Structure formats: structure tokens, C-alpha cells
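Novice: Protein chains in written order, with my numbering: chain A, 1 to 334; chain B, 1 to 334; chain C, 1 to 334; chain D, 1 to 334.
Don't read these hints as lab results, they were simulated from the structure.
No experiment lies behind these values; they were computed from the predicted model shown.
Please note that a few of the clues may not be correct.
Copies of the same chain look alike in the list, so a pair counts if it works inside one copy or between any two.
[Said to hold, decoys possible] Capping the alpha-carbon separation at 25 Å, the derived lysine-lysine pairs in PhoX-like fashion look like this:
(1) K214 with K63
(2) K6 with K156
(3) K194 with K131
(4) K131 with K70
There are 4 protein chains.
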Amino acid sequence: MIAVLKQGATKQQIENLCTWFKSQGLDVHISEGKFYTVMGLIGDTSKIDIDMLQDLEIIESVKRISEPFKSANRKFHPEDSVIGIGGLKIGGGNFQLIAGPCSVESPEQIMEIAEKVKASGASILRGGAFKPRTSPYDFQGLRAEGLELLLMAKEKTGMPIITEIMDANHLPLFEKVDIIQVGARNMQNFELLKELGKTKKPILLKRGLANNLKELLMSAEYIMAGGNNDVILCERGIRTFETYTRNTLDLSAIPMLRELTHLPIVVDPSHATGIARLVKPMAMAAAAAGADGIMIEVHNDPQHALCDGAQSLTPEQFEDVAERIGKILEVVKQ
Amino acid sequence: MIAVLKQGATKQQIENLCTWFKSQGLDVHISEGKFYTVMGLIGDTSKIDIDMLQDLEIIESVKRISEPFKSANRKFHPEDSVIGIGGLKIGGGNFQLIAGPCSVESPEQIMEIAEKVKASGASILRGGAFKPRTSPYDFQGLRAEGLELLLMAKEKTGMPIITEIMDANHLPLFEKVDIIQVGARNMQNFELLKELGKTKKPILLKRGLANNLKELLMSAEYIMAGGNNDVILCERGIRTFETYTRNTLDLSAIPMLRELTHLPIVVDPSHATGIARLVKPMAMAAAAAGADGIMIEVHNDPQHALCDGAQSLTPEQFEDVAERIGKILEVVKQ
Amino acid sequence: MIAVLKQGATKQQIENLCTWFKSQGLDVHISEGKFYTVMGLIGDTSKIDIDMLQDLEIIESVKRISEPFKSANRKFHPEDSVIGIGGLKIGGGNFQLIAGPCSVESPEQIMEIAEKVKASGASILRGGAFKPRTSPYDFQGLRAEGLELLLMAKEKTGMPIITEIMDANHLPLFEKVDIIQVGARNMQNFELLKELGKTKKPILLKRGLANNLKELLMSAEYIMAGGNNDVILCERGIRTFETYTRNTLDLSAIPMLRELTHLPIVVDPSHATGIARLVKPMAMAAAAAGADGIMIEVHNDPQHALCDGAQSLTPEQFEDVAERIGKILEVVKQ
Amino acid sequence: MIAVLKQGATKQQIENLCTWFKSQGLDVHISEGKFYTVMGLIGDTSKIDIDMLQDLEIIESVKRISEPFKSANRKFHPEDSVIGIGGLKIGGGNFQLIAGPCSVESPEQIMEIAEKVKASGASILRGGAFKPRTSPYDFQGLRAEGLELLLMAKEKTGMPIITEIMDANHLPLFEKVDIIQVGARNMQNFELLKELGKTKKPILLKRGLANNLKELLMSAEYIMAGGNNDVILCERGIRTFETYTRNTLDLSAIPMLRELTHLPIVVDPSHATGIARLVKPMAMAAAAAGADGIMIEVHNDPQHALCDGAQSLTPEQFEDVAERIGKILEVVKQ
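Pulled out of the complex, with its shape left as it was, chain A reads as follows:
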């Protein structure tokens, strides 16, 4: 960490700051220039509060050289993390295809979709039970009942399941869930993250709509700081000025996160684009960019169901996408 001091900083102020840095276990190197004094801080600076420093009157600016995330940082953990999910693995060359409906609606619906996506190559079943909605008047999901249906589909198909949590108080309901998903709007719900850090479950953490990768990794750090290292990162589109698509899928996040962290990276092209016709090319692109997993919404009857999503594929479309993803993964591995 480098701290640049203002011209007017007095000797006493500089000394006080030095003393404080040393009390934090850091070595301090000072180089005095004509216009600025620069302090180089050597040691573990991840626990230094950069906002607090920037607020000091004598500080011109502060810059981290090492990243503020530690457990998630590839520098301190060069090998890819491989996370176990039921009998499956994700990360470190293990790719998983996740598929299922946006919302769990009925036993028939979830079972039909689960069986079809399994036959087409999906290895993990997704399905929303608790649904975060912008409007209190919109459908909020089947909630506990939806979870029950998902667990039934897990039992019957043998597929591990992933579903979203919205409140730590619901955790007892998630006991048999294989991956707990944290939605984009809860990426910085720090109290929830802390509670998930106390569980032993893999957590799929979605990137917030206007959050950058550093913030995503700091949120992963909240979970890991609690003792749970099984965090899967998920790129699901960010908010930009584009309006034709619901969000903008940031695929460069995949190779960039790959450098920064050892955690597995999953991409959700369905929510990102909000348009079924775009899911196929974007899923293929996500595979080409090196994702460890792709999560796709599939519905059994998009044409006729009133509540269905234009962002969902039919099982037939999903089969085509799954096959092409497989071929692209081969080109990536060559």
C-alpha cells in the first residue's frame, strides 16, 4: 500500500501516522520528494481500512498495490479451487451445466423439465422458490412450497439442486439444497453473507447489477472470512445504458476473475440478456471465454404458459445449445 502525503503534513503528523502503521504490523518506507512525501507500507495491508486513511487530513491519496481480498486471492492460493457438489465437482477444469425453470410452479412442471434437461446433458437443476421482485405486487415465488418441489425433483432425478436464498432466517429450509444462490440485489447484504459464511454449503454468489469485480470478490471474502471457502462466482449481466437487452453480460469478467481468484466462475446468460433468442450465442460465447459452468433457464412450454419467460429456452433449444457448448469446450481445451 502506498500513501501519498500532502505538502503541508508536519513532521509530527507523519511520525504519528508511522507509529500507527507500525502498530498494525506494517513496515514503513518513506521517500520525501519536493512536492510530496510517499509512504510505502509493507506487510499484510488487507485489514487496513482504506476509506479511513483517505479521510485523514494529511493524506493526498492512498493506493493499494496488493488487492484487499485475501482468501479469494489467487496470489495466496495459486491452484484453482475445486468445489464438490453432491458427487460432482466444479472448477479446476470441471465444467457443469446448470438448467431449470425460472420459477418452480408445480410438481409436473419441475419434474418434466428436470428430466428433459438431464437427458440433454445438464448436471445440476436450478429453480426459483423465493423470487426477488422489484414490485411488491409481482409474483414472489412459491417460497417454502417451491423448495419442497425442488427437493422432490432432486430425489427423483438424482440431480443436485441450486436455488436462491433471500433471508438468513430461511436457512433451515435449505438444509438439503446443494448450492445456495445469493442474488444480485443481495450481493452486498453483508449480514446475509456473514450467516452463509457459517454454513458448510457451496454458495453461488451473483455479481450485483452495478458492482465491479473487486466488490464481488470482497463479498466472496465476507463468506470466506466466516470459514466457508466454497464460493462460486456468477456473472449475470450488469446495468449499462443499453436498453435492448435487459442487462449487459460482461464475459471479460471470466478471464479477468481467472487471474484474480482461484474460485470457479459460472455465467448466467438467461438473466443477463432477458431474451431467449440471445441465450444460445451468449452461452456459446461464455464457454469460449472459459467459464467453469453455465446456468440456463429452460421451460417446458414457453409458447403457451402465461407466466413463462421469453428468456427461457425450450428443452429442444437447450439440447442444441448443450451440444454446441460441448464442442466449444473442446476447442478451448486444445
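Keeping the supplied structure of chain A fixed, place chains B, C and D upon it in accordance with the hints.
Specialist: Below, chains B, C and D without anything else, positioned relative to chain A:
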């Protein structure tokens, strides 16, 4: 609400959709053009899920004419809401000045600041006990202990207090708090909003960092839908590409919200800019733009305290700002 | 186009508006609701100034049903445009790989790179002569001299060339250039676009850093309205809150533009990411997402040259990328 | 400027870099840490191309301590610039109120508005002749003819005039114009800025829709580097995710720019909000935030003219705003 149907929509599909709209209590007017068929939907459309509609295969696009928020909507509640806080009022011409430290640190600190800001014209005391921080390694506030100190300052000075909640499980601790604040990162923590809707306390709802005014009002709607109409909206800066300031204070939100809603509007220039030198001009500008309240961070000793914020004013600076705000309010009212 | 009128609109005002719409060659359908009157406008509305309408006192809101771009619109030109470049074609299934240095620096540099990228499968040579730089003190390119060197490389290798124009006054220098590039910062330099509309050259139009696809297509429309239909669209990354990458490459722009327009779509992963290590996965992803062309920066000696770009690949790296792009194109076409 | 080198940098590489920095007239201080080597560069670094440095293989990151703009920098020019306009002054405590129509439409229109705004306290007349429009089919202004009408109004009323330039080739038409405006979309049209740097006219430079203050100042630097120091900066709203207002007026830009630069700062609340009802509160807020000038659109007959802007005030509304601005300026100066 207007739904534009695609060219290929069949008669049967159109009829099915009509039937469904009617089952939702809406009147449907159809005008068929050469290229498009347009459906006008008359009635209370606030409970129609627009995402669901847009997802239908036969829909080209859907547009709300009336806003999706209802309880917060000025159209259905033309008079300004006036919200009682202790013996004070906010909204409908009642202006309140809120001041206090970023974090509650000690009994001496909170008492000294409380007395000084009260003397300079502040009517409500702010102070953070639970602090949302991007990093799990940064100071998280004194939490329950900080709340105790705030309540002590309330008792001794007679000032109503406002402080932030981060988890609905903490609600019992907030029993004597006068205004519960929801932070920007929790603006779309819908489960928390629902719980706050069941309380009888005024809620100050901060706009999320990348949220627009419609989303802010929909989050207010979550609280109001639960039966709690005492929602105060707070503009605290949004994320933009500007980096010199921490965020960008959107003061046009004040007159725009004034048209859209009857709820009181408070501005927080301290968090928005992150720079103490900018708080004075922006607080004055907020008053000129018509805010119902302004919330300012004040610290007793910013120069020396290590944890202090460059975004905090000294009590002397606060006194100057408070006086000028008063004069600007007179120009606004003329 | 649909215009929603305010409740207070008088009969006379509505009639005046109707008369004006009819004078613009439009048919008007009126449906009166209890709260709103809705006007449906049938006919060619692309020449209606929507800002002007929205500004009218009696208008609540206006919404286009058909897009405001016409020449670029796939609805009126369902077949893919195929654009000739030297003896090559781009669009309609014809893919081209464009490569070359960021800036033309010397005869040796441009010749060495040109020969190497040609050997690895690049079909078009890129190279900057006029360089738009944020600072007036940064290197502005070799300008006219750089153009001469590019033309020499064209002659010696037989490769068509593409280079950026910054001012219409420089057009005489571009006479032998095969594709004229308009940079992101000039995407809405409307006077320049008008001049390029009078030329007969293919124009590669880069998307502005904070522009959406509709604005990109409206800028294409400026060129096409002047009589030049040979416009190639280029996605090169947009500005977001992410800072690890220079910009965020919006690959969903490819399938989305594919629906909206018949024009060819090229992707520039080098400028988008600003990091050489990210160019390979993003170029592969662009191919998987369906691009008609990919433009990649290649330098002969990135390690040692002081002015070289970390966003440039070595010829060896380029060869690997080119080969994988080829394999991915096969998976796309299957 | 501080350059942080990667761990793997060889002694030879570091030495080469040092030699190069010294050849650029800089002193180099090196401090070697366990994980990083940090180079402090002392001297005039404004001409160092930071992109080029960041691209070097051995560089981890580069950070400017001093700003890259020099002529516009308050550090090197502590006194406010005062710019003469006709017989008037702007900056350094001199406030000017600029008013007039969006577009010049007819002799009667421009004369009527000019006389009315002059009577209400406007000192400078604005009016668009060349109009940048997103669509080639929208009204492009009266162009040369509009300029003639503005000059006539200048002559008859004695008011200095300001109008927008879109192409350096039009400069001869602007000979008698008092302030040349560069629009938001041309803020980074560097070739135009260079040409304006050769003129002797005050230039009002509008901030681009997605540009930050550093980029605005770098564009001012382009003009000043050419020898023209009479640059007036203009905040006119930036693009955000808010859709109720056309753009988001960033008033914190005023006090922030005040620190960074000595140039005068003008605010345009009409274009920023796009809504006449918001112009009054935002103009008052701009005055409270410390603007050196405010530019407001006024139309003689907004209710009836078809092409009129909802962002324009009537002369009566303008008179009220002008009066309140005057009162707020008094509170600011106290």
C-alpha cells in the same frame, strides 16, 4: 398500460390474452393497424407483472401509462405526507436538519457532537451503530453498544435519533429509535423491507447506488404495502463515471420525486460527495432545490482522530452551513 | 408510434395535433380512456422528431413501435448486407480477420507485422495513423506519414487496409484506404458522418463509449442517408463501473444487432479489454457469439518496445488465436 | 507519478526504464520492497503517456500524483481566470446569466425573446443555429441563416451571443460570435478542439454525456495548449440510469472543478433535466453550489409552438428564476 402485439399474433392468441386481462379486472381496447395490433388496458394495472407480459411470445412491447407504484403515488394522494418524528414533523413544508457523527464511537464523542449540533440548529441526531462495509476486515461499527450510546444521547439532549438497520433480526434493538434508516445497499433487500412494513416507525429509505427513482419508489411501496406509510426518501448520491467525488449527488431527484410522490425527501451530501469541502455548497444546493431535510455528518475532532472522515464537518463549519441553509430556505419559500 | 395525451388535453389541442400528424402523411387512430387518450400513428414515423413531440404540453409520453432507423433496419432489408473490400467480402456469412499494430511506427514495423499476420490468416491490415488521445501531450500518431506507410504495406502485401479518420478535411489522404474507421469518440460527430455519407468507401463505425445500440444505428443512418450503404458496425467495449478492464466488451450486441440490422458486425477485443492476456478468450467468445469479423492488435516486439501496448498480441499469440477462431466458426456454422 | 513494478522485473529492465525516465527530464527514486519495487518520478510528468507506461510488461500499475492537465490546473494558476465577453466578465466573482431559445427560428422569435430576457436580467443571448441531432431526419437547425439572425439580435440588443459550432470549417461564420460553444458530443472531437485553440474567442466547453471531470479538463487543455486560454467549462448533465430526467445534473462538479481549475464554470439546467418544471429548482441549486454562470432556455410561446421544448421557460417564468438566483447569490457571497 399499452401492449403492442407482434404481426404474427393469431386471433386465438389475442383472444386468450384478452380473456386473461379481463380476469384481472381490466377493460381492453383493441386497435388493429397494418403492422401492429395495440391493446389499451384500462383499470388498476399496478398489480400486472410487466416482465411476465413482455415475455409472452406474441408481445412486441408493453408500456405502462400509469406508474407501477400506488401507495407512494402523488396521483392518488395529492397532498404532501407529513410524518411525525418525536414531537417534530417532516414534509409538507416542515424542514428538518439532521446531524451527527458517521459512527458512534464513545459516550463522550456522541454527547459532545449531539450538544454542539443541537446548539447550531440540528433537530435530529444521526449516528451509525451497524455499519455496512465493503470489506469484512473494515470496522463494522459498535453495533448494539453503539445503539445504547445513541439512546443515551437521545435521552440527555431530547433529540430524536436516526440510525441504520442491516438485518430484520435486530429490530428489537431499535424499539426506541425514532427513524430507522435503510442503507443504499439494502434498498432492494425485499425481505427486510417487508419486515419494516410491519413496524410503526418512520423509515428513511436511501436510494441505491445504481437505482433509479422508479425503483426507489417501488421499494418504498414494499414498506407501504405492509401497512407502514411513514417512508422518508433519501437521495445520497449515485454511482457514475466520475471519480473525484465518491458518488454523484442527483439533486434533480428532489423536484422530480416531488411530482411523483407525496413522501418527504431528504438529502445526504456527506456520503454523496465523500469530501468535507463539498458538503457546504451541496447542502446549500439541496436546500435551494427544495429538500424537506438535509442530513450532515459532523465530528468533534476531524483533524486528529484517526478514524475520522474527511466527509465530516467540524461543529463550527456545521454552524455556518446551518445558517446559510436557513437563508436559502427563505428564498425558496418566497 | 403511440402518443399518450394528458388528461387535461382539450378537444381543440387534440384536433390540432391530429391535423399536424396527417400533414406528415400519417394515419391517426384515437382511443379515449377514462384517464388517458391514446393516439396510434400509422405510417412512416421515422422522420417524426420524438423529442419535439415529448415536449408538447398535452403529451404524457410517446413511444415508437417501429425503430427510428430505416436504411439500417432489417425489417426493410431482410437479407444480410455483404460489403466488398478490395476483392474480399464481409457479412452474410463472410468472416474477415483484421490485424495490425495500434500505431504505424516505421516502414520496418508495419511491413514485418503485415507479413506475419497475413501468414497467420489475417485478411485485412489495420494500423493507426491519426490517433485520438485524451491528452494533447500524448503521441498523436504519425498522421499523413503513417498513412503513407500503411499504403506501402498494402501495395507490398496485397492486403486491404483500414485506418481511422478524425476530420473530414483529411479525406483526400484516404483515397486509397479500403475501409475508413470512425472512432468511438467521433460516433456522434454528425458533420463527419455526413461527409462520409458522400463517399463510396466502406465505413467501419465504432460504438461510442457510452452509447447504446439505437444510437449506433442512428449514426449508421447518418452515413446511409447520404447515399453510402457500406457501413460496418464495430463493438469495441463500453464504459461501465468495472476498472480492472479498460472497457466492457458487450458481446450480446452481436446477436442483438443481428436482429435489428442487416449490416455486418465486427468486434475489437484489443481496445475493449486493454489487456493482451484477455484478447484470446474474448476473440474466441466474439466468434462464438456470431461476429462477422474480429479486429486484433498485433505488435512485433511488445516486450521491448517502449511504446508498445499490453493490449497487443505477439505474432505467435495471434497465430494461436486465429486458429482457434477458425475452429469456433465451424461450431457456429454447424 | 508512482510506478509499481512487478515482482519478476529484472535488474536490466528496471535500469532501462530508469534511463528512459531520466531522458524525459524526471528524477527517479526507487524503493524496493519484498513483493514490489516502487519508482517515484519527480518532475513535470504531464507529458508522460500513462497508457504507454501501463502497457509495459514489467509494470504492475502507475498512478499520477499530480494531475495530467497543466494549463487548466489551479495549482499552477491559483487565481480565478476572468474571461472578457464583449464588455462583460465571467469568473472570479463575476456571474453572468445566459438565456435564449433552443433553436433560432425566425427574426421575430429571436428578437422577442432577446428583448424579454434582457429586461429580466440576462446578460448574454444564447440560440442554436447548428443543431446536433441523434437522427439525420430530425431538424438540424437553420445553420448559417440562424447565425445571421443571432447576429442581428446582438446588434439590436447589444447583448453578446453564444452559439454552438459543429465543424471547424464553419469558423469563418463565427467571426462576430462572442462565445463559441462546443457541444457535449464534440467534447472529445480533438481536431475541432485544436482548431479552436488557434482562435482568440472564448470557448464554452460542455462536458460529454459520459465523461468525467478529468476528461473535461484534458479537453480544455487541448484548447489551451493551442494558445487560447479563454475556456469556460459547462456542466450540462451526465448520462445515468435515471430515466425520468433526460440526464442527471452533476452540481458537485461546480465545487470540485473550483478546486481543480481556475476556469469559470457555467451550468445548463435546461438540457440537463429536459423538463421546464425542473429548471427553476435546479437553476437555484446551481447558484447555491457556486456557479459562475447559468444558461437557461427561454421560448416566447412554449404552449402553442409545435417545435417548442418542454425544457424551455416562458419569459415570465424566467423572470422569477432570475430574481431568485440573484437572492441566492447574495447568500453565497455572505
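Novice: All hints, please: hold or fail.
Specialist: Hints versus structure:
Proximity of K214 to K63 under the C-alpha cut-off of 25 Å is found in both arrangements, the shortest distances being 14 Å within a copy and 18 Å between copies. When the C-alpha separation of K6 and K156 is checked against a cutoff of 25 Å, the pair qualifies neither within a copy, at 66 Å, nor between copies, at 40 Å. With identical chains, the CA atoms of K194 and K131 are at most 25 Å apart both within one copy (21 Å) and between copies (14 Å). For the homomeric pair K131 and K70, the shortest alpha-carbon distance between copies (21 Å) is at most 25 Å, but the shortest distance inside one copy (32 Å) is not.
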